[in-house]
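**Q** Place chain B on chain A using the hints.
Chains as they are written, first to last, in my numbering: chain A, 1 to 108; chain B, 1 to 455.
If you are wondering where the hints come from, they were derived from the structure by calculation, not from laboratory data. Ideal placement from N, C-alpha and C gives every residue a C-beta, glycine not left out. One should not assume that every hint holds.
[Said to hold, decoys possible] Label pairs and their in silico Cβ distance ranges: (1) F151(B) x N107(A): 39 to 47 Å; (2) N107(A) x Q136(B): 45 to 53 Å; (3) Y70(A) x A75(B): 53 to 61 Å; (4) N326(B) x A71(A): 49 to 57 Å; (5) N107(A) x S399(B): 47 to 55 Å; (6) D155(B) x A71(A): 14 to 22 Å; (7) L340(B) x N107(A): 21 to 29 Å; (8) R442(B) x N107(A): 51 to 59 Å; (9) R442(B) x R64(A): 33 to 41 Å; (10) T226(B) x N107(A): 39 to 47 Å; (11) G135(B) x N107(A): 47 to 55 Å.
The primary structure of each chain is shown beneath.
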Amino acid sequence: MKTMNRLSPLKPRVWLGLCLAIVVAAIYTVSIAFAGDANPKTKTEKKAVKKLDGAQLYATHCNRCHAERYATERTDAQWKTLMMHMQTRAQLPGQDAKAILKYLQENN
Amino acid sequence: MKKTTRFLAVGISAVALLMPCVPPAQAQTSDDFKAMKELLEKQGGQIQELLKGRAEDQQKIQRLEQLVGETQKKAEQSQQTATTAQQKAEETQKTTADVAAKVQTLQSTPSEEASAQRNFLVTGMADFLYQKTEGQNGSFAQAHVAPILLFRANDKTLFETELEMKVASDGSTELGLEYAQLDYLVNDYLTLIAGRFVLPLGVVREKHDAVWINKLPIMPLPESDTTALIPENDIGVQARGGFHLNDRALMTYAAYIGNGPGSGGDGPGHFDSTSTWQPTSNPFNGGSSMSGKPNGGGRLAIFYPWEPNHDVEFGVSGQTGRGTDNMLWSAFALDAAVHLGPNLECRGEFVNTWEDTSDVGTLERKGWWLQAAYKLAGLDREWPLINNLEAVFRYGGESLPDGHINQYDIGFIYHVSNTLLLKGAYSILDGNAYNADSENNRWPNMFTFQVAHGF
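Just chain A, same shape as in the assembly (with noise of 0.2 Å):
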């Protein structure tokens, strides 16, 4: 029969589950704050991201997980596609994914 003291471990799970949603909340606000700003190339994200061209960032996340896959494999549409699944699936920043996209329709 089950007693409060067997139950006791269900307290550190329910700081869990607190503290889980105080951090979506917050990466949400975060979120906010860095799409909110109407001019998307501000001082403070150009100093954040240091400007590495579409090949680079093809080799740094493409490879993460998976064999390469060739730009030659598919057209731009395609491309565009699969890149709006994989920003997702990776969880890539936007400006990282259409310097990728960019240089895959380029090399196609």
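**A** Chain B in isolation, oriented as in the chain A frame:
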């Protein structure tokens, strides 16, 4: 006569008187003549020279006139050539302008596909498996096709779904839905998802589950069908994205709310209070909410590449909520990966779950795996086939309420192409945890061979 004489006398006298005034004619004439002769000769020579020089000059003048004539003729020809070239250049310029105008027309009218806002794409993977388990007959175990359908509605909206079709052990066809989600790219840092999605719990399900990405033909213990500790997917909503911390480091996040653990699927069961094996009380194949209360979870990770193919990633994830029988189920996972060049990869994961039960209290389960993969092309040898071979070693284990399991996998990949892989692995298992698939509760060794293709 006298006059005549007188004239003669006067004349002679005159002559006689004048004679002294007149030089001696003979002496003066000879010298003068000589001098004049010399002078004449000299002048004659000069005249000859002048005439000769004049003749030479005239010849030169003739030659020069000839040259001038030829030059003039060439100049006229060059002029004519230049005129012709100019005409041709003008014609070429006109042609170039016409072509440029046509190209401009073509460029301003992109192809239908490139300019279309919508796009539909089928991608996915397929694999074929042979497996020989110790003490059993070998067989072709699986033919598996998983098409991924991507539908781009516009620049911000993507619908994606993965179907799974495979042949079951009894020959029937199984159809599954890995995920079916609507993605909305709010901005460069935030994507909202709704639908059935793969849980960002640990790293394997989301990023290394695909057959052409997984480096062995079998899954790590915490995610394997019969020994899995964490669920694969759930129905709910999710927010995810990534942003740079500095010029290199990338932080990724995912947070979700879902129905929580389901009651279907395989996984670790437990012995109840009567020591009867309960085959499943585990969180797989999230369906409807079992408790009416949402579950929540997420993953935070930092990815740091110091140069291409040299990077490290650390992630922490977790989920908590009520599932089957309104009982609390929680999970915590750590994952890490490192790439040291294009040939060496190491990655691993640790998972800890807590499951409340109605009869035997809280069941704690732990699972872990560590994997190293090395592409033999890094040896830089001219041996045949070596550049396409990759050696893989994985160690995994689980600590369960009813015992433990250890698994050692030694395998290889032959990369036929970037998306066609031949994989083989020999798995050595040992443990005393309950094995529902084994009559004598053994964990037998097995050999697995797989042909995997991503398309």
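**Q** Hints broken by the structure, by number, lowest first?
**A** 1
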